[in-house]
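Chemist: The chain contents come next:
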Amino acid sequence: MTTFARNQWYVAAYGREIGRELFPRTILGEPIVFYRTEAGEAVALADRCVHRRYPLSESRLDGDRIVCGYHGFTYDQSGTCVSVPGQGRIPRTARVPSYPLVEQDSFVWVWIGDRDRADPALVPRAPWLDDPAYTTVSGMEPLAARYELLVDNLMDLSHETYLHGGYIGTPEVANTPITTEVDEENEIIYVSRHMADAECPSFYAKSTGIEGRITRWQDIEYHPPCLYLLHSRIAPVGVLPNDDGTDPDAFHVEVVYAITPETEHSTHDFWAVARDFALGDEEVSAFLAESNRTVVLQDVTALDILEKVVENERDGYQELSVNIDTGGLAARRFLKRMIERGERPAAEPAAAVRT
Amino acid sequence: MLHGDTVHRIHWVLNTDRLLGVCHCGAEHESEDPVELWDWLLAHPDGHERPPAGGSPRPERQLAGV
Ligand SMILES: [Zn+2]
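Chains as they are written, first to last, in this note's numbering: chain F, 1 to 355; chain G, 1 to 66.
Isolated chain F (complex conformation) (with noise of 0.2 Å):
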């Protein structure tokens, strides 16, 4: 059985690394080629000629066509095949599978399932990443190991005290008690953790210029399979927003991950950091995407030595829970839900339906 939570939406790539060149990028394990047409939309084919398997990205892009490097098939936008080297009959079946996709958000998504299952409505927002009143620095790092580390590994943040200590993690991250929600109908896992006195690590001491301690809030909103986001507030100890939901006096910083799967055993590991602070200050731009790509790039090395042991193991290893893993918990519950899901055919009807 598979591991991946087909008839999702998951993100492929950052709008900016999709162009005039053919780009390759696998996704769910499946092979897919994207590009950009002379209009500027972005195109995602099946990164396989139907003829003899060549990829599509080592070939040329002629106008908004494909011309497959090796004998010539050449193929539209929509996957059709146009041209046949030699021959003026094109095969009834020439055309290689196109994937529904949404640009939102600076994200390219993909739909990976049953072409007529995609409502681009589904599609979970992160709206900082796109919004001028934030300032956003991004990256994706490789990681060599399965997506249900990562999502493990996010949904627990108590870890940074220990792997990350000196950048975001302080000793009150690991012992603040937190509180879970989910909202079983809507597939959505909420977890807070309000710090009301707590060290300011040089992460946001260094970025907001913030001296002495903070009140700090963490909320994370996992919305599995792909998107999850950081909700970050840091301000001077006894600050709280005002009674309207306004918050003048406090930091927001908008982290947000997307976990896509490239195989079984591997995972793009997509991150962003919107603050509403120091808006367009590049030398903040610059500290915050390099301590946070070595926050990413430490998670990684851990995950990545994960893998090997998780491979290697004796089936049915026992693994113990504790109180902090209680998001966790809901996050593979869902995701396993997820899974069987996108096994079924169309014509059943899902047991949760979102609405």
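Treat the hints as calculated values from the structure; they're not laboratory data. Just so we're clear, the structure is a prediction, and the values are computed from it rather than from any experiment. Glycine residues also receive a C-beta, built at the ideal position from the N, C-alpha and C atoms. Treat the hints loosely; a few may be bogus.
[To be verified] Covered by chain G, according to a simulated footprint, are these stretches of chain F (three or more residues, beta-carbon under 8 Å):
hint : segment
1    : 34-42
2    : 321-331
[Unchecked claim] Across the chosen pairs, the derived CB separations fall in these ranges:
hint : chain 1 : residue 1 : chain 2 : residue 2 : range
3    : G       : T16       : F       : G165      : 44 to 52 Å
4    : G       : L20       : F       : T37       : 53 to 61 Å
5    : G       : C25       : F       : E290      : 44 to 52 Å
6    : F       : G238      : G       : L20       : 21 to 29 Å
Start from chain F and add chain G with the ligand according to the hints.
Modeler: Relative to the frame of chain F, chain G with the ligand by itself:
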């Protein structure tokens, strides 16, 4: 903060090792083991009737008047 109709909440009780689970129906249950607590939450409505003070919940006996 989530606001759906079927939201389960689990609070880590301050200064303790206990977790307090709150079902969307309002029933509550404490545990020191998140796996056991999730099993209880997901068993709704089994065992979710509010027990009378001091009594342990016996669902089949408490259907009326609760
Ligand atoms: Zn209940």
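Chemist: All hints, please: hold or fail.
Modeler: Cross-check of the supplied hints:
1. 34-42: n = 0 at 8 Å, threshold three: violated.
2. 321-331: holds (count 7)
3. G:T16 <-> F:G165: 44 to 52 Å: violated, 26 Å
4. G:L20 <-> F:T37: 53 to 61 Å: holds, 55 Å
5. G:C25 <-> F:E290: 44 to 52 Å: Because 48 Å falls inside the window, the suggested range holds.
6. F:G238 <-> G:L20: 21 to 29 Å: holds, 27 Å
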